[in-house]
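Read top to bottom, the protein sequences are chains A and B.
Here the first sequence is numbered in the working numbering, starting from 1 and rising by one per residue.
Here the second sequence is numbered in the working numbering, starting from 1 and rising by one per residue.
Do not take every clue at face value.
[Said to hold, decoys possible] Quick list of the computed label-pair ranges, beta carbon to beta carbon:
1. B/THR36 - A/GLU91: 45 to 51 Å
2. B/PRO80 - A/GLU59: 32 to 38 Å
3. B/GLN199 - A/HIS52: 52 to 58 Å
4. B/GLU87 - A/PRO80: 42 to 48 Å
5. A/GLU142 - B/THR36: 43 to 49 Å
6. B/ASP194 - A/ILE70: 29 to 35 Å
7. A/ASP82 - B/THR36: 52 to 58 Å
8. B/ARG90 - A/ASP56: 47 to 53 Å
9. A/GLN103 - B/PHE73: 55 to 61 Å
[Claimed, not checked] Covered stretches of chain B, as calculated for chain A (at least 3 residues, CB under 8 Å):
10. 45–58
11. 93–102
12. 109–118
13. 124–134
[Stated by the list, open to error] Sample of chain A residues lacking proximity to chain B, with all beta carbon distances greater than 12 Å (derived):
14. GLU21
15. PHE55
16. ILE70
17. PRO79
18. PRO84
19. LEU129
20. SER150
21. ASP180
22. THR187
It is worth saying that the hints were derived from the structure and are not from the lab.
Note that the coordinates shown come from a computational prediction; the quantities given were computed from them, not determined experimentally.
Even glycine gets a Cβ: it sits at the ideal position worked out from N, Cα and C.
Given next are the chains, with one letter for each unit.
Number of protein chains: 2
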Amino acid sequence: MGDAASDESSEDADPREEIMEATYSALGEHGYADLTMQHIADHLGKSTSLLHYHFDTKEDLLVAFIDHIISKFREEHLPPDDLPPEERLREFLDLWVFDPDEQERAAMHLALLELRSRGPFNEAYREQLVRSDELLRGTIEEMLRDGVESGAFESVDPEPTARMIAATLDGARTRQITLDDPAYTPTVRDELADRLVEQLLADAEASAGDESGG
Amino acid sequence: MGDAASDESSEDADPREEIMEATYSALGEHGYADLTMQHIADHLGKSTSLLHYHFDTKEDLLVAFIDHIISKFREEHLPPDDLPPEERLREFLDLWVFDPDEQERAAMHLALLELRSRGPFNEAYREQLVRSDELLRGTIEEMLRDGVESGAFESVDPEPTARMIAATLDGARTRQITLDDPAYTPTVRDELADRLVEQLLADAEASAGDESGG
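Can you build the whole structure from these sequences, using the hints too?
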């Protein structure tokens, strides 16, 4: 699948975009620790000199790759801002669930987990990981804040609530892929949707009721 | 610190126990990918031949190590069964919080994260990781079930709730250590204690109220 992608590339394709796609496939196939520039070049169907023209080192390329998946997540996968807060939060939770047959996605997340375990030893990785965390939490905080402001959700503090949601989804995915247990993310998504979202809604209704009643 | 431990060892100390303690320190110092039998032997203050007398390979030793930390967690850290369910659950949540100055503990969990990312490629590791997950979830399920049966907690389904709690705590710790962000686990512990535990208690009170009132 990775190599086939290069056959579809046209003359005017963005070479950095193609390198990122090849990195996605190569990370999924080889993992982080064993990944070489040659593996990425093989998936790209080009020479390593092309890679080195764009990136001095494998580390530089991987820093750009983390940036790439963050941007892609923001641009392509986030539920639209104009959805009602409840629906937006539910769609966001759904993003984390993936089918057992999405092997490449699982393999890529596993490779990222290896890379993440290098965070404390690699300042450039860690900066990108912290940025990714801030973005993720910022997205969740914004959804919660919009819901609270519109009166759809109860008055929660978005910061710690977003931190908990980010941790829960990350932990579920990590356990799903490392234990090869496809039940983890769907179960945890359902728990968050049934328990947390319902709680946000129920308490908002209760306080709306209090206001109209008192 | 690791080497000093061997000075304290007496003639009748359990050699496997000492190897496990040396593995803990060596994993914390070198991480998983770079760990060698020589590193463990250095922390033990003995030769690698002693290690090989007990374990054929580094993989065998690490499988025994996962087993060791599971046993230690069960024997030494779990809150006593006879505590009231609410207090037991709160003490359990506290176990996951550690101070930024517990560097060895953070480093060891980071090394375990690297090892966990090898789970899908290593059947022996994965079996131990699955066992560890079942034990963790089983412990949480038992606390929830006891609370429900005694009427202290609302009537939740312990299985998915335990899975969510395990994922949340794991995700918080993973993010704390990989992002070097000491706020993660304490914030998430507080959220679980304030939100989930209070919800379990409030709903139990509400349903007790329903019963006495109706």
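Hints, verified against the model:
1. B/THR36 - A/GLU91: 45 to 51 Å: holds (47 Å)
2. B/PRO80 - A/GLU59: 32 to 38 Å: violated (48 Å)
3. B/GLN199 - A/HIS52: 52 to 58 Å: At roughly 55 Å between Cβ atoms, A/HIS52 and B/GLN199 fall inside 52 to 58 Å, so the hint holds.
4. B/GLU87 - A/PRO80: 42 to 48 Å: holds (45 Å)
5. A/GLU142 - B/THR36: 43 to 49 Å: Since A/GLU142 and B/THR36 have Cβ atoms about 47 Å apart, the given range 43 to 49 Å holds.
6. B/ASP194 - A/ILE70: 29 to 35 Å: holds (30 Å)
7. A/ASP82 - B/THR36: 52 to 58 Å: Between A/ASP82 and B/THR36, where Cβ atoms are some 56 Å apart, the hint holds.
8. B/ARG90 - A/ASP56: 47 to 53 Å: holds (51 Å)
9. A/GLN103 - B/PHE73: 55 to 61 Å: violated (32 Å)
10. 45–58: Check failed, 0 qualifying residues.
11. 93–102: violated (count 0)
12. 109–118: With 6 residues in contact (Cβ-Cβ under 8 Å with chain A), the coverage given for the stretch 109–118 of chain B holds.
13. 124–134: Satisfied; 4 residues make the cut.
14. GLU21: Its Cβ never comes within 12 Å of chain B, the nearest being 22 Å, so this holds.
15. PHE55: Fine: 23 Å to the nearest Cβ keeps A/PHE55 off the interface.
16. ILE70: Nearest chain B Cβ is 14 Å from A/ILE70, so the label holds.
17. PRO79: At roughly 21 Å from the nearest Cβ of chain B, A/PRO79 sits farther out than 12 Å, so the non-interface label holds.
18. PRO84: Non-interface label stands for A/PRO84: nearest chain B Cβ at 23 Å, farther than 12 Å.
19. LEU129: Contrary to the label, A/LEU129 does not stay out of reach of chain B, its closest Cβ about 6 Å off (not over 12 Å).
20. SER150: holds (21 Å)
21. ASP180: violated (6 Å)
22. THR187: Non-interface label on A/THR187 violated, nearest chain B Cβ at 5 Å vs cutoff 12 Å.
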